Amino acid sequence: MKARVDFHIHSCLSPCATLEMSPRTIVARAKVAKLDCIALTDHGCAENLPAFHDACIEANMPCLYGLEATSSEEVHTLCLFDQLEPALEWGRIIYDSIQNFPNDPDRFGLQPIVTVDGDVTGFAEKLLFAATDISFFDLVPMALEAGALCIPSHIDREYLGAVSQLGFLPDLPYDAVEVVSKIPPNAKKWAIIQSSDAHQPDHIGRRFTRIETEHFTVPALRDAFKRHRKP
Amino acid sequence: MKVSELNSVGFCCVQNKFEDAEITGGYTSDLLSDVMGNLKDGQVLITIQAHKNTIAVASLSGALAVIFCHGRSVTPDVLEAAADEGIALFSTSDNQFDATVTLAHSLR
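Keeping their order, the protein sequence lines are chains A and B. Going by our numbering, the letters in the first sequence line up with residues 117 to 347, in that order. Going by our numbering, the letters in the second sequence line up with residues 47 to 154, in that order.
Please note that the accuracy of each hint is not assured.
[What the hints assert, rightly or not] Heads up, incomplete: computed chain A residues facing chain B, CB under 7 Å, no partners named: (1) Gln215; (2) Phe217; (3) Arg223; (4) Phe224; (5) Ala247; (6) Tyr275.
[Stated by the list, open to error] Within a straight-line C-alpha distance of at most 30 Å, the following computed DSS-like cross-link-like pairs (lysine-lysine) qualify: (7) Lys242/A to Lys86/B; (8) Lys63/B to Lys48/B; (9) Lys242/A to Lys118/A; (10) Lys342/A to Lys118/A; (11) Lys63/B to Lys298/A; (12) Lys242/A to Lys48/B; (13) Lys48/B to Lys86/B; (14) Lys298/A to Lys150/A; (15) Lys98/B to Lys48/B.
No lab work stands behind these hints, which were simulated from the structure alone. Computed from a predicted model, the values in this text were never measured in an experiment. Ideal Cβ placement from N, Cα and C applies to all residues, glycine included.
Please model the complete structure; the sequences and the hints are all you need to start from.
Structure (structure tokens):
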């Protein structure tokens, strides 16, 4: 099938996202946007993935379990799993390696951990968009080793992408690269994806990728991305 | 030197809702984790990171103003966040080195 996928969506757990971004709201908006598969990718923390899992199951929405990790150079990178447990384990590794800087909710926003019903069970304590102590050059192989699809985020943006932070896109075995508008000249050897990077409900699906795949598993998507590369 | 005087040394004020306090120094960095750990109260941040997180980090560290270099465009959400926090924003076509030199000369 030719699927419409959006693999970069933040929930209320991300300090920069609106509090309306509950897992159920995300799934409902994804249905409206006629998306076939979505991923939740909060900054540096996987604790809203269980609620997202429940919301996707009840709505019969295929999904991936992800997060957006921040390397020590402040390069944002999507890490996407097809199973909840390894994603949670990866989330703990990333959260533990974030610099120890407490969130100030008045300045940065709340970071609530929620249930599928939207009940708040706690708050992530560290500021989630702060950098980890893991270099981008280590983060990519670590994510792949953990079983994730690894996709550097918004590589063409003026900030927090591989090109802006490192000066160039290193030649590493990414599954794809995410572009907002303009494909950097040296990025053409990888599959290009677009995603919404939604931080509020009406952003979901504003950008998405059409990809030919029968399954939304890591191996199937990895193959699909290989075929998706521009010659 | 007061924040408002940054205008007279060539920086263009793009957000003017701020308290016109005395500048104690400057900090030049494009890595927010570095800014978080090292920017001091009363300083001016010189950077090319023209996005909203920069304002939050500057505010947390007690910065009075941020100077965006290389003519980086400042989006409405950044202007709004800075106005809310009372942080002055300035823009310059200079690079970070030249902006730093200008500020350092003005302060000494």
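We went through each hint and held it up to the structure:
For the restraint placing Gln215/A at the interface with chain B, the shortest Cβ-Cβ distance is roughly 6 Å, inside the 7 Å limit, so the hint holds. Because the smallest distance between the Cβ of Phe217/A and any Cβ of chain B comes to about 6 Å, under 7 Å, the interface hint for this residue holds. At its closest, the beta carbon of Arg223/A sits 5 Å from a beta carbon of chain B; the interface hint therefore holds under the 7 Å criterion. Against a cut-off of 7 Å between C-beta atoms, the interface hint on Phe224/A holds, since the closest Cβ of chain B lies about 5 Å away.
Because the beta carbon of Ala247/A sits about 4 Å from the nearest beta carbon in chain B, less than 7 Å, this interface hint is met. Hint status for Tyr275/A: holds, given a least beta-carbon distance of 5 Å to chain B, under 7 Å. Distance hint between Lys242/A and Lys86/B is fulfilled; the C-alpha atoms sit about 21 Å from each other, no more than 30 Å. Using a Cα cut-off of 30 Å, the hinted pair Lys63/B and Lys48/B holds, with the two alpha carbons roughly 14 Å apart.
Among the hinted pairs, Lys242/A with Lys118/A is inconsistent with the structure: their alpha-carbon atoms are about 40 Å apart, more than 30 Å. A hinted pair counts as satisfied when its Cα atoms are at most 30 Å apart, and Lys342/A with Lys118/A qualifies at roughly 15 Å. Note on Lys63/B and Lys298/A: the hinted pairing is violated, with a Cα-Cα distance of about 34 Å set against a maximum of 30 Å. Restraint check for Lys242/A and Lys48/B: the C-alpha separation of about 34 Å exceeds 30 Å, so the hint is violated.
The straight-line distance between the Cα atoms of Lys48/B and Lys86/B is roughly 16 Å, inside the 30 Å bound, and the hint therefore holds. Distance check on the hinted pair: Lys298/A and Lys150/A sit about 25 Å apart at the alpha-carbon level, within 30 Å; holds. Distance check on the hinted pair: Lys98/B and Lys48/B sit about 24 Å apart at the alpha-carbon level, within 30 Å; holds.
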